[in-house]
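Colleague: Below, each chain spelled out in residue letters.
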Amino acid sequence: MSDEVTAEILTTHVLELAAHGKRLDGRGTDEYRKISVEPGFVSTADGSALVRIGDTAVLAGIKLEPGKPFPDTPNAGVLTTNAELIPLSSPIFEPGPPQPGAIEVSRVVDRSIRAAETIDLTRLCVTPGEKSWICYVDLHVLDHGGNLIDAAQLAALGALAHATVPAKRFGIAEADYRLEVVHYPAECTFVRLGEAIVVDPTFDEERAAQGRLTIATDEIGRIVAMQKGLVGAFSPDDVKAMVERAFRHGEKLRAIAKGAAA
Amino acid sequence: MSDEVTAEILTTHVLELAAHGKRLDGRGTDEYRKISVEPGFVSTADGSALVRIGDTAVLAGIKLEPGKPFPDTPNAGVLTTNAELIPLSSPIFEPGPPQPGAIEVSRVVDRSIRAAETIDLTRLCVTPGEKSWICYVDLHVLDHGGNLIDAAQLAALGALAHATVPAKRFGIAEADYRLEVVHYPAECTFVRLGEAIVVDPTFDEERAAQGRLTIATDEIGRIVAMQKGLVGAFSPDDVKAMVERAFRHGEKLRAIAKGAAA
Amino acid sequence: MSDEVTAEILTTHVLELAAHGKRLDGRGTDEYRKISVEPGFVSTADGSALVRIGDTAVLAGIKLEPGKPFPDTPNAGVLTTNAELIPLSSPIFEPGPPQPGAIEVSRVVDRSIRAAETIDLTRLCVTPGEKSWICYVDLHVLDHGGNLIDAAQLAALGALAHATVPAKRFGIAEADYRLEVVHYPAECTFVRLGEAIVVDPTFDEERAAQGRLTIATDEIGRIVAMQKGLVGAFSPDDVKAMVERAFRHGEKLRAIAKGAAA
Amino acid sequence: MGSVGAKDVPVLLSPEGIRIDGRRVNELRPIKITAGALKHADGSAFVQWGLNKVMAAVYGPREVHPRHLQQNTKAVIQCKYNMAAFSVDERKRPGLDRRSQEISKVVAEAFESVVFAEEFPRTSIDVYIEVLQANAGTRCAGLVAASVALADAGIPMADLLPAVAVGKAGGAIIVDLNKEEDNFGEADLPMALVPQSGRLVLLQMEGHMTREELATALDLGVQGCRGIYEIMQQALRDRYSVAPVPEVTA
Amino acid sequence: MGSVGAKDVPVLLSPEGIRIDGRRVNELRPIKITAGALKHADGSAFVQWGLNKVMAAVYGPREVHPRHLQQNTKAVIQCKYNMAAFSVDERKRPGLDRRSQEISKVVAEAFESVVFAEEFPRTSIDVYIEVLQANAGTRCAGLVAASVALADAGIPMADLLPAVAVGKAGGAIIVDLNKEEDNFGEADLPMALVPQSGRLVLLQMEGHMTREELATALDLGVQGCRGIYEIMQQALRDRYSVAPVPEVTA
Amino acid sequence: MGSVGAKDVPVLLSPEGIRIDGRRVNELRPIKITAGALKHADGSAFVQWGLNKVMAAVYGPREVHPRHLQQNTKAVIQCKYNMAAFSVDERKRPGLDRRSQEISKVVAEAFESVVFAEEFPRTSIDVYIEVLQANAGTRCAGLVAASVALADAGIPMADLLPAVAVGKAGGAIIVDLNKEEDNFGEADLPMALVPQSGRLVLLQMEGHMTREELATALDLGVQGCRGIYEIMQQALRDRYSVAPVPEVTA
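Protein chains in written order, with the numbering used here: chain A, 108 to 369; chain B, 108 to 369; chain C, 108 to 369; chain D, 304 to 553; chain E, 304 to 553; chain F, 304 to 553.
Bound conformation, chain A alone (with noise of 0.2 angstroms):
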């Protein structure tokens, strides 16, 4: 059987159970797989957390580097969030060059990252104009069981909660010290399935969804990134109902990051 029919006749079972209110793998409409931070995953990063959800397993490693701060942010240090969607992590990517996918993953997380201002990054600045801390996010999906964007940005957040500034190693300061995360945003990702939007998705929800919508707030009420993804389209009051669902497990979700960073 190809894996076209496979994938076709999936889908329908898929839509068929959410008409129903379920889902292949028992959860509720608004129920996420299980989800496990391990931080420090990597000695090499200067931070790193190895995330799952259910299936899905993306590792972030942070490095910090001194370099030039941007002409028009002479005060500040420089994020810069990279996301490798690489072929060892599903069937359906190709070696080459970043695609679209991939570029959508590390854009969503690093807007969640900057908006929420996560970390300070007044607080990276060594010499204004000459010398700042450049911060690269680089994140690495392993297992892709669908909802990367969720994994992926929780995995970022858990290793910049998790890392040290190599002041020492780069001769900048007398020692290395904790890199301050201020804020703690959390992305939450649905998918329409009929009339039916449910939280997580797998893989085969995804590619039987009829729109994707990523929304992700942080911890003092605040909306700090939305992405719509996919084919499909979204009411404005499913908007608004997706909002509350997001603020919800955000909790739950930042809970998780910050137990990983204590």
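If you are wondering where the hints come from, they were derived from the structure by calculation, not from laboratory data. One thing to keep in mind: the hints can contain errors.
Derived lysine-lysine pairs resembling PhoX-like cross-links, with alpha carbons at most 25 angstroms apart [to be verified]: (1) Lys408(F) to Lys383(F); (2) Lys482(F) to Lys275(C); (3) Lys347(B) to Lys359(B); (4) Lys238(B) to Lys175(A); (5) Lys238(A) to Lys395(E); (6) Lys175(C) to Lys238(B); (7) Lys129(C) to Lys347(C); (8) Lys395(E) to Lys175(A); (9) Lys141(C) to Lys359(C); (10) Lys238(A) to Lys238(B); (11) Lys275(C) to Lys395(F); (12) Lys175(A) to Lys395(D); (13) Lys482(F) to Lys408(F); (14) Lys347(A) to Lys359(A); (15) Lys342(F) to Lys129(C).
A short list of chain A residues far from chain E (calculated; beta carbon distances all over 10 angstroms) [claimed, not checked]: (16) Ile116; (17) Gly135; (18) Pro207; (19) His290; (20) Gly328; (21) Arg361.
Think of the CB as a built atom: it goes at the ideal place given N, C-alpha and C, for glycine as much as any other residue.
Go by the hints and put chains B, C, D, E and F onto chain A.
Modeller: Frame of chain A; chains B, C, D, E and F shown alone:
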């Protein structure tokens, strides 16, 4: 009817007409299509011009930025010409890196601008060996109805004639000032259609052509650039005859560019 | 007859011959083809050599330019080796970015040159941490008749042995001076053909080979680099036997390179 | 959105609720749409929207390039959003950057949500958006231009796609951010609406807003889109009631 | 291998023959192999080897991409070795470098020497090796991981491929170099063995050794590979005697 | 052509009309052509022309790569002109630059004007030009080498294509510019002639000339091409009258 069949029928028809001194659009063999120049089309550019020759449209935009002079010309600014044959402008262009055709347009335009000393590059030097203006000429083909080189060169000339050096914005002088155009080269392109040699070819005429020749002349009687293109050949006498025609058309093209600059 | 069929027949024939200790071109299993080195082939290079082994031809060109030393070796110059398997040299090479085969040639040559300390990189330091010579070794394969690695390495060695540091041209010293070659590594390549192991394989022998091994030795009895390539395997005893053969051939290859340098 | 460490933040809203360019919070910039602005594309449109100038062209349905993207049951919709080097204050290096690739993706997905792609299996519908002059809101202007260009090309669609950015600047929820509001404001939220269904096919957001502000912003955006929808329809009516191709003028 | 002009060379071997990390010359670092570490690959393995962490995945036999690499008489084996940006002390820029391409080539050739590729004509067997944390010996760790992943994927092979680097450091011939020994030692010689035939399918060397030292090194390497072979076999036995997929843990 | 702001312009022409390298205005540099200089190409030629050394090889007619360039009614002629990194004073970074791409295009078009491509539909004729040592006039030297290589490969053509640059230096119209004349002269005009028809298939020009000077230059170029034509024909006669492949020597 496939595109190839259409093309072949049109080619035959174009050549038959040419054998009787006629052209598809009713023009004479030494006649340009209607030409218009709209300077200042883009307010974010330091100079710009939208040129239309018949249904060909090319937009040129100039940007000036401080940079480093080349080591072998420490007392001069740098002129850089780039053409994009974007797929928006024609069914024949593919997305991707610049094709040889785009490179040829940019290099032939660059050659005429440079060889005619259109702008005095030594006036773009700020501090010898240290800092000089980099003058970027970006050519955006919007509608490809044939004879891109003439349209692109006229757009470049119109944009240069209209450009401002943003010296104040970059803190280099107290005020911005006009970029001075010293010479006015004009490019004039011919194609062979059987034994006829016609000026300002349309897209269909270029496809039927047995050789193309572009000749750039300036207002003090110099030939400053030539480029033979496409499959086909010209005798030295053909070339000499086209040179005379190019000088005549050059005067008119220059007047149009100057009119736009005034 | 298709290329693949020809290749298969030739492969069978090469293996049958090898089973009787014979080769297509009549050589013994431990015999090189005719070798010639023409130093100074390219006058625009700071050093060059055209090497022919049978109908394989590789041109090496050296260029020396002042640059910045690597941060971790502030007292040393930089050696950079690049090989181009240009499509001019063989029907099997395609235009485009360097293929794995070209990268392997350049890296194996680089490794022998570097590990043998062929040139003393510390003598290429001009101002510690600030300025040092960058020595580019560019390998241009012109005719691919097999055994590219040995030919490329011999060409690189011949070119280095012949090279001049352009210190005067770059205003670094009063006069140019010869680049001193300290050690003379020579690479010697074998392939397995059934149970026979033959030296200096031709193109057809490489295609028939069941494993390739390159061993670089120097004039003071050291093995300085090895590289197993192609599909196939060697026992440790095979390797030890090839090492002895490589030392013997190495002496001869070195003499040729030195002769060329004199 | 509030660049870190940036200085000289201008006053974005007067006490009287007037914006830096004189508009009220729910007021759009002037918009002019020319359908059929290009001669060689199968469909095209030129949009001038405040200080934005955006050209869009559509080719297809035609052969798919590269071939392996071909789909057996429907047309693929390929979109390329690009900014001209001279379209912004600081020259942009030619070539695709990550921002352009992301925009191309979400715009393509928006159109896939309304185009009847299953009518043209094994073909490609190629949408090109060229930003010639930029002043915030280029993805929405590009989407509007491309939507009119698709209609001009005769591609069957469920509806046109009006689009606009709403956001927050100077503490107020506003529609159609200009460059200063985009650079120094608190939030930017581009959206595209299917007017007949009232659903959104493009929605992005960066910055910060409360849930109440978001609700207001969504309503303001829908209202803005409905205004733009009128202009788009008029442009298409003008296109087919006038014989000659309109000239593009600044 | 003895970077030119580098300083602060550490003492790599004590007079008692103890290495910088406490090992004897013929002692391997601790190795832990988890077969089936990933859910979506056809086969996978995670290897922790000293301070190295390497993940490998195998897909196939499947359609060949790009198509023109397809072979009519056998499967092509495509290998991609990659280092994560954060896997080394100084951040590595993402993307293929020349070292990675060379390693990918010799590893693919090693597997082509043992996989029964002629059983799957016109297909591709794709091997991906991701180095997540590096401390010398990553190509050998990657080869071991990929070999277990191929077995986990059910690809028929003549044998597993244990691999290890031998070399010379502090004047002694040693097995399984760590980072200090690799950086400051005299020679590095990675190798991969077919245990049943006793032949080598990967062999590289850089540095300097006499022929006698090389003979010793080859023997030490074969011995090391045989030890690793045991661990690889045990990992595969564990994989099929336990129902749930093992978790990857640091 | 007269680099802006450059200094130290040498005297390019003596009062006696002698050029910087001792030639008269209508005198060519020494040219030596070896047909069949390579063993593995279908056709090849090595040209030493003054201080230029240029190798050309031809492969085909053979399968078209990439496939979509294939034409049903004729062979495509693909040309790649490349300069070796060490061929010029300041090392050239390997890889295609814009100048090389433009030259490849005009050279391919020149050959398409004389090769009987319709005899080999659906094939490719691939022409490779490698500049090993450069001293002005490399595109003409490359064209001459490639033309002889095409003949050596047995490709049917209307005629050989001799080529030479004419130009203006020190106020005089001269043939076959060397590097100083190219760098510091007033105009450079490379051309390629079909000797039997007397027509030009390659013609480029940069610099400045009056129309009278251009007329003189064209005549001088045609005359130069006819001289080179003789040398090309002799090289091919030598190739087929001697059994062994000639050695390339400096």
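Colleague: Against each hint, give a clear statement of whether it holds in the structure.
Modeller: Structure-based check of all given hints:
This hinted pair checks out: Lys408(F) and Lys383(F) have alpha carbons roughly 8 angstroms apart, not beyond 25 angstroms. Of the supplied pair hints, the one linking Lys482(F) and Lys275(C) holds, its CA atoms being roughly 21 angstroms apart against a limit of 25 angstroms. The suggested pairing of Lys347(B) with Lys359(B) holds, with an alpha-carbon distance near 20 angstroms, which does not exceed 25 angstroms. The suggested pairing of Lys238(B) with Lys175(A) holds, with an alpha-carbon distance near 20 angstroms, which does not exceed 25 angstroms.
At roughly 20 angstroms between alpha-carbon atoms, Lys238(A) and Lys395(E) fall within 25 angstroms of each other, so this suggested pair holds. For the proposed pair Lys175(C) and Lys238(B), the alpha carbon gap of about 22 angstroms is at most 25 angstroms, so the pair holds. For the suggested pair Lys129(C) and Lys347(C), the alpha carbons sit about 23 angstroms apart, so the restraint of at most 25 angstroms is met. The hinted pair formed by Lys395(E) and Lys175(A) meets the criterion: a straight-line CA distance of about 18 angstroms does not exceed 25 angstroms.
A threshold of 25 angstroms between alpha carbons decides the hint, and for Lys141(C) with Lys359(C) the separation of about 12 angstroms falls inside it, so the pair holds. Using a Cα cut-off of 25 angstroms, the hinted pair Lys238(A) and Lys238(B) holds, with the two alpha carbons roughly 23 angstroms apart. Proposed proximity of Lys275(C) and Lys395(F) is supported: the alpha carbons are some 20 angstroms apart, at most 25 angstroms. For a cut-off of 25 angstroms, the pair hint linking Lys175(A) to Lys395(D) stands: about 20 angstroms separates their Cα positions.
Between the alpha carbons of Lys482(F) and Lys408(F) the distance comes to roughly 23 angstroms, so the proposed pair stays at or under 25 angstroms and holds. For a cut-off of 25 angstroms, the pair hint linking Lys347(A) to Lys359(A) stands: about 19 angstroms separates their Cα positions. The straight-line distance between the Cα atoms of Lys342(F) and Lys129(C) is roughly 23 angstroms, inside the 25 angstroms bound, and the hint therefore holds. Residue-level check passed: Ile116(A) sits 19 angstroms from the nearest beta carbon of chain E, beyond 10 angstroms.
Every CB of chain E lies more than 10 angstroms from the CB of Gly135(A), the least distance being 22 angstroms, so the non-interface label holds. Non-interface call for Pro207(A) relative to chain E: holds, since the shortest CB-CB distance, roughly 16 angstroms, exceeds 10 angstroms. At roughly 23 angstroms, the least C-beta separation between His290(A) and chain E is larger than 10 angstroms, which holds for a residue marked as non-interface. Against chain E, the non-interface label of Gly328(A) holds: every CB pair exceeds 10 angstroms, the least being about 33 angstroms.
Non-interface status of Arg361(A) relative to chain E is upheld: no Cβ of that chain comes within 10 angstroms, the nearest being about 23 angstroms off.
Hint check: no violations occur; every hint is consistent with the structure.
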